[in-house]
Amino acid sequence: MKLFLCLAAASFAIYGTEARDKMSYQQTEHATKAGVINYKTVEPFPEPKPVTIAQKAAVKFKPSLLIESGCHSYAAVNAAGDTSGGLNPTASDKKCAGSALGSQVYSRSGWYDGAWGIMYAWYFPKDTSDADSSVRHDWVSTIVWLNSTVNQTVVDVTYSQDGASYYLQTPLDKYMDDTHPKMVYYKDDSREGYHGINVTETAGDFHDLIDWTQLTAKARKGLEKADFGPNTTVPFNDANFEMNLKFGSIDGVRALYEFLSLLAQ
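Going by our numbering, the sequence shown opens with residue 119, and the numbers climb by one from there.
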């Protein structure tokens, strides 16, 4: 628990100033460096037939996503490794109301502390806030925790509001549609109006799923090297996945709650 308390403290120190740090990140709408293309032209991967146990589980527990406010989700990378240049944060949400090419949800799985975690992540071209600090690019993620890859019983669902700060939802009954968690992308007034992800009782849309192991090598490399801003990192790439799996574990979330409770005293 002490280890997780330290990790939670680090998470809070890094991501607790997200709103202020985001204000300093600037990028032109039509990025010019190689490998960065217009957000409207990033073609998603068609959902392939799952082969491995992990891939089949990722499809079985794929969440739906309801868009309550802000942009719709878009693909972040194509097969050639080109990544989205995002959208000018001052642009109208009408400019990101859905891609004509379709959307994408990404997954990556792994063991942590005796449980199997399936991380799902969605990308958005921008995130608008109430604090005049809207930002280009947004990533949100949720982790579905299973007791094992054999029995595949959902133990808990955790979700990230910003960076590596994960939150826990239990019990889950009314937030599940059979094996699929129901998630919502919404305006979070507790974070200056930035958008976050949470569970909901209303089912949303399903998007084509592509697992980390199913991406092309160029696409994985693109997500490793992409610069989406100082606090808008790809949650499931090699640089961040293991850390986020720890923060998003049940003990990791409880440690964060304990840390925030201490701060409030």
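Don't read these hints as lab results, they were simulated from the structure.
Small disclaimer: the values here were computed from a predicted structure and weren't measured.
It is possible that part of the hints are untrue.
[Unchecked claim] Using 25 Å as the maximum straight-line C-alpha spacing, the simulated DSS-like pairs for lysine-lysine come out as follows:
1) Lys-158 / Lys-213
2) Lys-158 / Lys-339
3) Lys-174 / Lys-339
4) Lys-178 / Lys-167
5) Lys-339 / Lys-305
6) Lys-213 / Lys-292
7) Lys-364 / Lys-158
8) Lys-305 / Lys-178
9) Lys-158 / Lys-292
10) Lys-167 / Lys-339
11) Lys-212 / Lys-305
12) Lys-292 / Lys-178
13) Lys-174 / Lys-305
14) Lys-305 / Lys-292
15) Lys-336 / Lys-158
16) Lys-178 / Lys-158
17) Lys-292 / Lys-174
18) Lys-292 / Lys-339
19) Lys-174 / Lys-364
20) Lys-305 / Lys-167
Now the hints, each set against the structure:
no. : hint              : in the structure
1   : Lys-158 / Lys-213 : holds (9 Å)
2   : Lys-158 / Lys-339 : holds (21 Å)
3   : Lys-174 / Lys-339 : holds (24 Å)
4   : Lys-178 / Lys-167 : holds (12 Å)
5   : Lys-339 / Lys-305 : violated (31 Å)
6   : Lys-213 / Lys-292 : violated (33 Å)
7   : Lys-364 / Lys-158 : violated (33 Å)
8   : Lys-305 / Lys-178 : violated (28 Å)
9   : Lys-158 / Lys-292 : violated (35 Å)
10  : Lys-167 / Lys-339 : holds (22 Å)
11  : Lys-212 / Lys-305 : holds (16 Å)
12  : Lys-292 / Lys-178 : holds (18 Å)
13  : Lys-174 / Lys-305 : violated (32 Å)
14  : Lys-305 / Lys-292 : holds (21 Å)
15  : Lys-336 / Lys-158 : holds (20 Å)
16  : Lys-178 / Lys-158 : violated (29 Å)
17  : Lys-292 / Lys-174 : holds (24 Å)
18  : Lys-292 / Lys-339 : violated (38 Å)
19  : Lys-174 / Lys-364 : holds (23 Å)
20  : Lys-305 / Lys-167 : violated (34 Å)
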